[in-house]
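Asker: Sequence:
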Amino acid sequence: MAAPASALRRVPLLLLAGLSLLAGLDAALLLLGLPAPVTTDRLPDVHGMLMVLGFVGTLVSLERAVALRRWWGFGSPLLLGLGALALLSPLPLAVGRGLLTAGSVALVVVYVPLFRRSRDTAVLCQQLGAVAAACGALLWWAGAPMPATIPWLTAFVVTTIAGERLELARVAMSGLRPGDRTRADRAILAVCVATVLGAAAATAWPEAGHSLLGAALLALCAWLAGHDVARRTVRSTGLPRFTAVCLLAAYAWLAVAGAIWLLGGPQTSGPGYDAVLHSVFLGFTISMIMAHAPVILPAVLRVPLPYHPAMYVPAAVLHVTLVLRVAVGDARDVPALVTIAGVGNVVAMLGFVVTNVVVGVLAARSARRGREARAETARARASARAAAEAPDAHPADSDPPAQEASAR
0 MAAPASALRR VPLLLLAGLS LLAGLDAALL LLGLPAPVTT DRLPDVHGML
50 MVLGFVGTLV SLERAVALRR WWGFGSPLLL GLGALALLSP LPLAVGRGLL
100 TAGSVALVVV YVPLFRRSRD TAVLCQQLGA VAAACGALLW WAGAPMPATI
150 PWLTAFVVTT IAGERLELAR VAMSGLRPGD RTRADRAILA VCVATVLGAA
200 AATAWPEAGH SLLGAALLAL CAWLAGHDVA RRTVRSTGLP RFTAVCLLAA
250 YAWLAVAGAI WLLGGPQTSG PGYDAVLHSV FLGFTISMIM AHAPVILPAV
300 LRVPLPYHPA MYVPAAVLHV TLVLRVAVGD ARDVPALVTI AGVGNVVAML
350 GFVVTNVVVG VLAARSARRG REARAETARA RASARAAAEA PDAHPADSDP
400 PAQEASAR
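Residue numbers are given in this note's numbering: position 405 of the sequence shown equals residue 404, and the series is strictly consecutive.
To be clear, the hints were calculated from the coordinates, so they are not data collected in a lab.
Quick caveat, the model's predicted, so the values are computed rather than measured.
Certain hints may be false.
As the list claims (entries may be wrong) - Per label pair, the in silico range of CB-to-CB distance:
1) Pro11 <-> Ala387: 47 to 57 Å
2) Val111 <-> Ser382: 49 to 59 Å
3) Asp119 <-> Glu388: 47 to 57 Å
4) Ala377 <-> Ala93: 53 to 63 Å
5) Ala141 <-> Arg234: 40 to 50 Å
Glycine included, C-beta positions come from ideal geometry on N, C-alpha and C.
I would like the entire structure built from these sequences, with the hints used as guidance.
Answerer: And the structure:
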């Protein structure tokens, strides 16, 4: 089925997210000390916000706006996308920071009618994430250094994804008694609240706050490991197995970040900072996006994106290079390996984009050919029925011997 006009109008917002991703990857190369297609003085300084709020934030808010089904809901992804665009422009940096803050606050507002509609714990967890995003953006707008915003941005992606996984975890919890399901919902809500409180504490009391945040992340990993349907679907085939593999790998990376914060306290620079940052925002967040892309993108754009085994390639490259970066490059302080693995991370991200675009284009062409073939078949059948049902136009000419006999 062709994409409706409403879905086509969402494409510019998705393009803003894609531009944020490409600019963020360009900035990553600059931070690694490598040449990049685009070079500006402030591009490395906005790398984190481009990736988290410009790319991930725009995707999340676009998906939520589609679920809301109200025109004003698209203000959040528009503001976030424009904020990322402003960061790339010659405009004052404060303009981009302000737009990102406004977009994050708008996302908080979007969740209000969504929660009223369902009264669902999963939506409440996601709204906590939006609040964390707004706090992180506001801190950055006020002039705080990027490391100070990381706990808030971590809380944003973690609680947002936790809420989405809760909706699917209920499949695995379907055999539980209602009271047990209620307790499970309350438990993950408590962990999400602890995550946001940990981010706040990390701002006020860095030592204790980062330890609390790390403990909350580990508790979340324990809950997901015990309740997520991925534990079952990893033994299946096709898309369910691919999704489960990406999810379980994401949980492992979140546990790495939680352990570093719990045992090592604040990480504001050096190998520890690099390890935490990329465990959360690459190992966890991007792996989650890879897992959900075949489901979310068709829902947003109304275009097919079927599973293909090639999707494993960028996912495998991402995790292998991230292991080299964190477990060897950061852990043993080998800058050269961090650089090599960092390039691998960029290649994995680009490979993810290219793979999904190619699979989507081929699926769209296949669907179009299928529609054309069905239409041709329908026309042929209609023509055959019309020919069979039409009366004989010249019955007197159909039997010449009979005409001669009648004349005699």
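Asker: Check the following: the C-beta atoms of alanine 377 and alanine 93 are separated by a distance inside 53 to 63 Å.
Answerer: holds (59 Å)
Asker: Go ahead and decide if the range 49 to 59 Å is satisfied by the Cβ distance of valine 111 to serine 382.
Answerer: Between valine 111 and serine 382, where Cβ atoms are some 56 Å apart, the hint holds.
Asker: In this structure, is the beta-carbon distance linking aspartate 119 and glutamate 388 contained in 47 to 57 Å?
Answerer: For glutamate 388 against aspartate 119, whose Cβ atoms are near 55 Å apart, the range 47 to 57 Å holds.
Asker: Quick check: does the Cβ-Cβ distance between proline 11 and alanine 387 fall within 47 to 57 Å?
Answerer: holds (51 Å)
Asker: When you take the CB atoms of alanine 141 and arginine 234, is the distance between them in 40 to 50 Å?
Answerer: holds (49 Å)
Taken one by one, the earlier hints all hold for this structure without exception.
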